[in-house]
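Protein chains in written order, with the numbering used here: chain A, 1 to 298; chain H, 1 to 1212.
A hint or two may mislead.
[What the hints assert, rightly or not] List of simulated lysine-lysine pairs, DSSO-like, C-alpha gap at most 27 angstroms:
1. H:Lys1111 with H:Lys1081
2. A:Lys6 with A:Lys129
3. H:Lys932 with H:Lys972
4. H:Lys297 with A:Lys153
5. A:Lys153 with A:Lys107
6. H:Lys985 with H:Lys974
7. H:Lys297 with A:Lys107
8. H:Lys297 with A:Lys27
9. H:Lys990 with H:Lys1118
10. A:Lys27 with A:Lys153
11. A:Lys129 with H:Lys1161
12. H:Lys1096 with H:Lys1111
If you're looking for bench data, these hints aren't it; they were derived computationally from the structure.
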Amino acid sequence: MLSIHKLSKTYRNGVRALHDVSLEIPKGMFGLLGPNGAGKSTLMRTIATLQAPDSGTIAFDGVDVLKQPDLLRRQLGYAPQEFGVYPRVSGRAMLDHLAQLKGMADKNERRRLVDDMLRQVNLFDVANKSLSGYSGGMRQRWGIAQALIGQPKLLIVDEPTAGLDPEERNRFHNLLSGIGDNVVILSTHIVDDVADLCSAMAIMDGGEIVAQGAPAEMIKALEGKMWSKKIDPGSLDEHRMTFRVLSSRMSGGLLDIHVLCDTLPGEGFTPLRADLEHVYFATLAARRAQGVIAEQAA
Amino acid sequence: MRLPQASPMLGAFAAFEFKYQLRSTMSFVTAAIFFASSFAVVAVPQMSRAIAGVSHINSPHVISMIISSMAWLGIFIPVVFLSSVVMRDHKLDTEGLFFTRPITEFDYLAGRFVGAFVVCCLVLVVTPLAILAGSFAPWLDPETVGPLRPFDYVYNYLVFGAANLLIPGALLFTVANLTRSTMATYTATVFFLVFFFAGSALGANADYRTIVALFDPYGSFAYLEIIRYWSPHELNTRRVPLEGLLLWNRVIWLGLSAAVLALNVAAFSFRTGKEKQRRKGVPARGAQTVAVGGSAKATLSFGPATLLSQFLLRVRFEAGRVFRSFSFWTVLLIALGLVALALPTPPTPVYPLTRVVINATSQYQIVLALVSIYFAAELMWRDRSYRVQDILHATPAPSWVFVASTLATLWLVLFALCAVCTAAAIAVQIARGASWAEVELSQYLRRTFFFNFYSALLLSILSTFFQAVTNNRYVGMLALIVVGAGLDTALRALGVEHNLFHNLSAPGTPYSDMNGDGHFIVAKNWFLFYWTWFAGLLLVLTFALWNRGALTPIWLRVRTLPVRLGRAGVQACAMLLVGFIATGGYIFYNTNVLNTYRTSRDMERLAFDYEKAYRKYETLPQPRIVATQLNVDIYPRERRYQARGSYIIENKTGAPIPQVHVGYGLGTIVRSQQLERATLVASDDRQLHYIWRFDAPLQPGERRTFTFVVARENPGFRSDSNISSVVWNGTFFNNLESMPVLGFNPRRILQDRATRRRYDLEPIDRLPPLEDDAAASRNYIVADADWMAFEATVSTSADQIAIAPGNLQREWEDNGRRYFHYRMETPILNYYAFLSARYELTEEVADGVRLQVFHHPAHRYNVTRMIDAMRDGIAYDSAAFSPFQHRQMRIFEYPQFFGGGAQGFPNSIPYSERYGFIADNRDPRNIDRVYKTTTHEVGHQWWFGQLVGGAMQGATMLSETFAQYSALMVMKHKYGEHHIRRFLKDELDKYLTGRRGEAVNEMPLYRVENQPYIHYNKGSVVMYALQDYIGEDVVNRALARLLREHAYASKPYPRSTDFLRILRAEAGPEHEALIADLFEKIVLFDLKATALSVAKRSEGRFDVRLTVEAKKFEASGKGVETEVPLDYAIDIGLFVRHPDDVIDGNDHVLLLERRVVTAGKNVFEFVLDAAPQFGGIDPYNKLIDRVSGDNIISFDGKFRQQFLVSAPDEGF
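Same shape as in the complex, but just chain H:
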């Protein structure tokens, strides 16, 4: 190898390359597209909101997100500008020109690389410029734009832009140079793109986060890992530091790129190509006599049989080449690799049902899309790149033979990929422990095979079309992307959302074990049918417009289109067009005539109009519902229900009420309604809002009856989501869908701050402040009832069981339908659900309570665990707080497309089939979420079922946080306090992550504004710490007293401050600081073990010295932190084994005691009988600590995790 040394030639090559590329239309077109899309991402509010979330649209966070996504999308930039350099010389045979001149390989390679790379950088540099320009768009909401910080652009461009061009650029350039094969280069490109998807699949598993962060070539996952716990304030003001994971990631990949470039120079020689040719040459022979004449007979035929055989010949020929190619096998391996990502058991394992495995292995679809794009380009241009086209195109074989055979080859490739990946998915399912009986082959064929294959097939037609109409394969690919993604986005920005106008799109088919594909498949198939006509039309046009012979500009080809089509072609087009329009018409009839079609803008407008028309009645005194009686008839197969009901309403105010407002959820069919001694004075059928005037005003304490018949129907299908509350098996809806609501309904107005600003509406408070006494007169769920009586009769088809709240009174059959009569014996809130499905029932009676689980027959895995959890929960909560109020406690399974969790309705818990019913809890090391969720919902029977907060800040603390507490306590008694840590760490992680997405202000717990990451996750940590510090019995005493004083209270409803008052009284003044920190402030700790030394004494005991560092911060709602003094008793622990590794018993704990810790360095010394291997501060993560991984240190000074999330103001 010649030693590389720079010479003037290098500069000349670089300059030549730079000028050559810069002159190309491609560079301008690409830069223009990148500028436009980056600009749009920032300046189109809908788009910038999606990416920026709560941070400023020009925050360092958003800048780096946009730049790295653009670099990722721009993977083709290095392909086009870098790898094509070598391919160009190869193809144009200009190699010889260069290769015979006295120049060095280094100059040639490095020069071209540098020149082309600079062009790549220039193409992408438009992105930061566009963000900058976009952030000055005058129509932007000023609240979403931060101050201009120029260096953010430069920094992020270098770290996530230029570097992310260099890394794939260097690798692809090398692949292109060493293989001289476009196909190999594409394959390498696919490999790069796939890396990202593999990363996102694996990154969901916390165990792999570090690995993924290091091995993602784009550094995106390292970035996300670093900002995991950043607050909105930090996202707006901090650039991600180039340290820790990100630094390592950049070092690894840039180092690899440099190594590969060096290898490139070392391995590359101009002469290699020629030697190869010479070796393969056939020696020319000497003169021989030529025998001319006596030609053999040639019978030519041009009939259909010949055409078919020609088509098959071309398919065999092309497919033979593809299937023998290195690229195909690499792509296949990549796809298989993506399927194999589903092999490891996820952190919260579930049984490997077919549905689960199909979802987990779906990543390989990206390969299908990439193959449809890249392979199509390559196959469509292959004859030309070998320059065989003149000979081929002068034969009488019709054009369609050439195009159709290319397409068929592509389909064979896609088919092979789908087939192999489907087989691999089945293998994954078996490998993860499924039995053959659990493998639902029909589901595989339908979902992983047919849907994926058919969508890819349609995409390949689109892709081929663009390759046929453009005269350059890269322009073809770009056109596809512009039309595929750009047109789609533009249409949506214009408010065109109907799937009829969005390329190849169709409504989803959410799968459920209970419901199968259900009715969803019908809409999907109609849309696929519709796009099939479209694809057919494109196909005919592709045949006709395809370049035969010379490349002709598209407009010249279009001008001769009728000739090119011929009569048969025109007829085919007409037929396809008719089919397309007719199918579209049928779809339109379903989506827009049978159903009401509303875009998201229509919905916004409707909400806006509702607010304009009716918000003035928000404070109008209204009667409240005191009793509800319902007859609900569910027709699962027809996906409809009808409800006949009556409310007894009462004037609970001190003044007469002249009018009642009654509203219904959008889409309700109001068959009839009648208010006793009142007249309907205003009907708004668009908003479904009706005003009744009493003949004589309703006097205080006076009651009336309101009767109604409502229905909900789902004829045909819809364009977007076809999820309807009634499905074939697994109906689930609550009263807010169609039952009448009294008064103004605040749920129906626009909530989102930015959307409200667009409509010139004042922002609304998420919840009124704690001090608002008026708000304490209604609960936070519904305003039109307090605690009310409830009774319902529900009917359904004969094969299903129908459910409503209440204890079952009677069950009977009539006229082929099943009836169930339920009645509540204690009052409930005006929020309840109905379900109907083909259930299997498992039940048990404990302490006089019937514990029932209604489940899908195949989902028996965790039924016993659920019953245990209900029994344990009811036992604990009854003993600790107050008696259980029902005779039955029931869990009902519902389809996963309605959600993934569980809900604690009175004596009934709808529980999704998604995780809980199929969770695999056989490994005791895993968190038992089924037990936790069930005990949480059981806790709601007290904290919601007996006590509910007013419609104000802190309300959800009284229900969600306390339900979490109930669950944690049941678990503490089941697993022991040394093992609750795993739950707490998980809650802590979710709380800290949740802070990043805070749109307005983080609230202290007692003022929580329905923020899940606070009332669930922070709530768990807080309540656990509280009982740990002041004692479980004290907390339970306070909670029991809260119930005694406020259960079923509605005048006024209880507040979080009621609890704090009782707690302070029960706990005593010595815990004042703790209670304030936990509930009334946002406090964060930074606790860290820094050294553990152990020395053996002569008498066999051990001197142990543990050094820790501690800091305490108080954060504002925006996340600005201030360090505050620390003087706290905090757990200090010494262990012989790491608590992470122990799932049972407490033999590993040498010492666990609370010691006073002050800010800064603290040293603790102990004399122990055994030598600890691990020691730490707050080892069980009871306090809120942003870096929970460094609390425990091992004897040799190593932390558990090698790479830690970096905290502010300190290096890694």
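Looking at chain A on its own, in the form it has when it is part of the complex:
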């Protein structure tokens, strides 16, 4: 159980990356969804003890993470959003290196584990190749493999699927779905990642948590309120004025818009099954609207 309480961080250039973030993250796969720049990575790095917040606390299973980062690191697996590698070091050698740094002293055990990891992430065949030659997807899978070493009680996976092609992402989802007895935080800006994998989630925007809960329940709240209509692309602005358009996408020359409304918004609308993407957009839209109102009020 990871408890985050009133975490705030403002960078020196004035960017407010975290603002009063409080979260309770239970065991299992937890999705942290948010647009780019929402502060997800800052939150992940802060939990991973790589960055200090200005204020707030983090506790993991009763351990104060900020005061005793060492204790957390012993139970931590962290796959950063982007990372570099040493040149001329193979995937296997680097995993072995990290396994030692994580505290695996026994050589044979380490070799078995590294091989096992490499098989799990499907890199066994290229294990002895230089890491710097890996493709983006291979590198991300390797990143998960290194994070999984030592059966961490807290696993942080930051934007693992960014830049992956659909096939690679699919493979990734399979890989992640196999773990999750412990606390796993998956930070992403891709809704499908959360929809496919997570039993709990939060949505983050502008450094704040704007919604949280179980995906199914959050979807349920929108049940019967989502409508779809195909419109002429020229009339999008018009619709925007009238309806709460959450998303729009071209489909056969026409624009397919998804609208949130308690009742049938009007002619041409057909009911739509709500999904997580709607939840996400609705949440963001609500927040943006608040922002607009706040600005107007000021």
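For chain A, the structure is supplied; the task is to place chain H on it using the hints.
Chain H alone, transformed into the frame defined by chain A:
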């Protein structure tokens, strides 16, 4: 390759780069530091004196010196602003942005280079501005500032500033661009810095001066070569001309830079990087089933064993990378290259003893320092530059594992460098002909290995600390330099000199073959121990403050320091701090409680107070010592001595003397003193000055006895120099250290003109003028005695021999100590020395004189040569001047830390172990300095031992110049007059170089004011020319008559004019002009052979025509020269082989005769039986000629040296 052509894009790149760099804090910080340090160099008198010497602090000479040193120190400017340009694009991956746009490589490269280079130039341009500003500092002594000459700044900035940024800039930019490796760029930087050190090592050897001058990328050595013989006046008024060596140097290096930049553009392509990546890529595989689950077991442990294995893992990993890197091997090669500089035999060769080779190979230490700085920066930032840090830092491995492993890697590198260089030094020693038995491994391990390695190790901790606390590697390096050099200088400027407050510094450990490391090692080790605590403290702080994860501003890290340290860290800090303070306390107890600690300001103050209090007694008539009797007990192991003595003093004046002033050297322990029938009326224990009043004034001719017990002790150790007069083996001190001195002691007041001005004191004359009759009543050595009787008993430990002047009367042992009783049978001056060491004695008797050499048992090399020289010298001088006055003539070896030369005390010559005893004279082409020095000191038995000048101008001519003459004559008879040239050329070079450092006025020889370059070096040339022109017998007759008339004279003491009077009488009026030129004027010649043509006659003889040019100048004391008419008989010589190449015989001389030469061009024609290959004017360099290399020309019109020093008003 695309042809470079400028386009608007180039300008845009340049402008972008310029603005980008100019906005960076780095450029402002650097410029500020450069401004501050340049300003300080000029405006802080202590510093400007050090660099300016005798010239104005804003003279063209000083401007160019400061600018070129700043450019040298500023090697990192091009690294930071130029090479980082390419690295930046590479690292930030912005390459792609540029590299995909339709721009040319030329625009990209040239634009960035130009933009960044302009910033470099701007950063350095603050230096001339700071000098300019500094020269207007109101507190400066106006005498040290010259008139404002704006163009000097511009010129020197271009030649030694901008050019010296461009040269390394172009090369480093290219290295960075082609390798894309910071490490490679650092390595190239190290290479540049090392060039300078290699140059200074090689440049000491005259044979390599031209090479060094051409291949030094900074042009500094070419500059020094050109100004070698410049007078202070020229240094103040001439800009060094861009010609000769300097021009070639600039052409070579700027040309090389241009070539390298062209190569850079040609070889560089945006696409190279990408192709490389693609080639190395691993093909992605198709979809495969993913097997999840069934994780293997992972047992985690966090105990000490794991931590150790993690540490070792990181060390293995990092060290593996470093030791496989190109940079490491390059640095190693550079270090080895520096060691190899010691391979060639030096011009004055010595046997390759371990001490000699260690000193000669010590240049590689600079590599250790540079590695500690640059490699530390690189290693500390490596994980970040590969962006691996997030993964690494999220593991449970503690921070110290990362930092300590980096540091350990650095230590391994330093260890490897030290080990390899030590091995290489041993190889150098063997290669230079040492036997394995002469290789002192323990000395290597201690001095080249341990000292160097350990100092580098401490420096690396400091360096790592600064890399850890700053968030930018360049800021880290800069901070180290500021703290390392800046803080040090600032503290010294504030008068804080104690080594306790100067980073990592420790007193030196001067090595001596006789004394080994002796007691010096103790002080050194305590200070190293002290700094080890300090380094330990820094180390713990480094572990704690090190950036884990995100880069955090240092103040935020400091705020959380207690948390970061943890309890163990705080405890460790406390413990280290206690150790640091306790060790510092123990050191302080030694340096400041057991010993009296005085800074140089304290010393100045003491001298000032002494002058204020006692100078008024300078002319007070005082009795003189007529007999001295001493019992001196030397305790070598305890480094102390005690002397019981008595003086018999006599009133030699015509009036009663009521009071006697008695002073002792600072640091003397005055146990007791008693003056017969007199009372102590004033005691100044701070100045050790005491005033006695006679119960009844001392009447003319009346004598009294003064008895005293004094001691000198050296408990513990000192902060600065631990050289004490008594050492474990090789004690050497003279009476001025602790024996009482009567009257005011003029040696104790401030001498330096600038220092005196700071204390508002009138400058003192170096010596009173020749016309001052009062000064002729005392000799120039000591004022409190004339020729006096001397007797001493000296004791020392049982294993040593103790020496004092005089013939040995008796030797005995008592109570485990050895006693020696010496007595002088002729009167001596009140200046004598004591020695004690474990000596081996080699002796011989010649003509009733016992010739003895007391030497270190291992130093037998030149003992026979010394005995020969003593015998030959005594034989010549006795025959030429007067009988030898002693029954024994002795040489004693003393440790090199007391000095490098020899001294001619009565019947004893203390002779340093530094060169003489280990000089390698096996090659007859080399100058035999041992023979020369020994015959010089033997000459002093007459010219000092029998005759000494009054305390006035010209005094040292009577002792030093004549001793040189004695030596030259003995050598002339030994080697022949055709081979004395090598000695004369050497003396001439030293005289001309010496003129540059003249602080006040150069004097004609007969008014020499104790100026070594005049009385030794000019004196040799003058005396040789004199005897060559007027005849050796005439000169000897004059000298013998001088002795007959003035030996042991003290009422008055003889003057140089006494000699000139006798000389003129002996030589006759036809030599008047010569004598005046040689002794009474400063005359310089410019003699040059310009053509030698040879034509064969029908009868087999040869027509020879030699064209020469001649000029004569008279110089003022400041070095301003005026051409004067020339009408002189000068040597004209024709040779079949160059005199330089002949070391024996005179078969090579076809003709050597004196011909009248007038100013301008002179043509001489001869008919000879053989064809000369060489010809010249004054070929043996008997006259003072600033360009001695162009006197001889070869048949094909080539001079010997290709590059000559340019003389004023003429081109190269």
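Now the hints, each set against the structure:
1. H:Lys1111 with H:Lys1081: holds (16 angstroms)
2. A:Lys6 with A:Lys129: Roughly 44 angstroms separates the two Cα atoms, so the pair is violated.
3. H:Lys932 with H:Lys972: Judged against 27 angstroms, a Cα distance of about 11 angstroms means the pair holds.
4. H:Lys297 with A:Lys153: Given that 27 angstroms is the threshold and the Cα spacing comes to 14 angstroms, the pair holds.
5. A:Lys153 with A:Lys107: Holds, at roughly 23 angstroms.
6. H:Lys985 with H:Lys974: The hint holds at about 18 angstroms.
7. H:Lys297 with A:Lys107: holds (12 angstroms)
8. H:Lys297 with A:Lys27: Roughly 21 angstroms between the alpha carbons, so the hint for lysine 297 of chain H and lysine 27 of chain A holds.
9. H:Lys990 with H:Lys1118: The given pair, whose Cα atoms are some 18 angstroms apart, holds under the 27 angstroms limit.
10. A:Lys27 with A:Lys153: holds (9 angstroms)
11. A:Lys129 with H:Lys1161: Violated - the C-alpha atoms of lysine 1161 of chain H and lysine 129 of chain A are around 81 angstroms apart, more than 27 angstroms.
12. H:Lys1096 with H:Lys1111: violated (31 angstroms)
Hints 2, 11, 12 from the earlier list are contradicted by this structure; the remaining hints agree with it.
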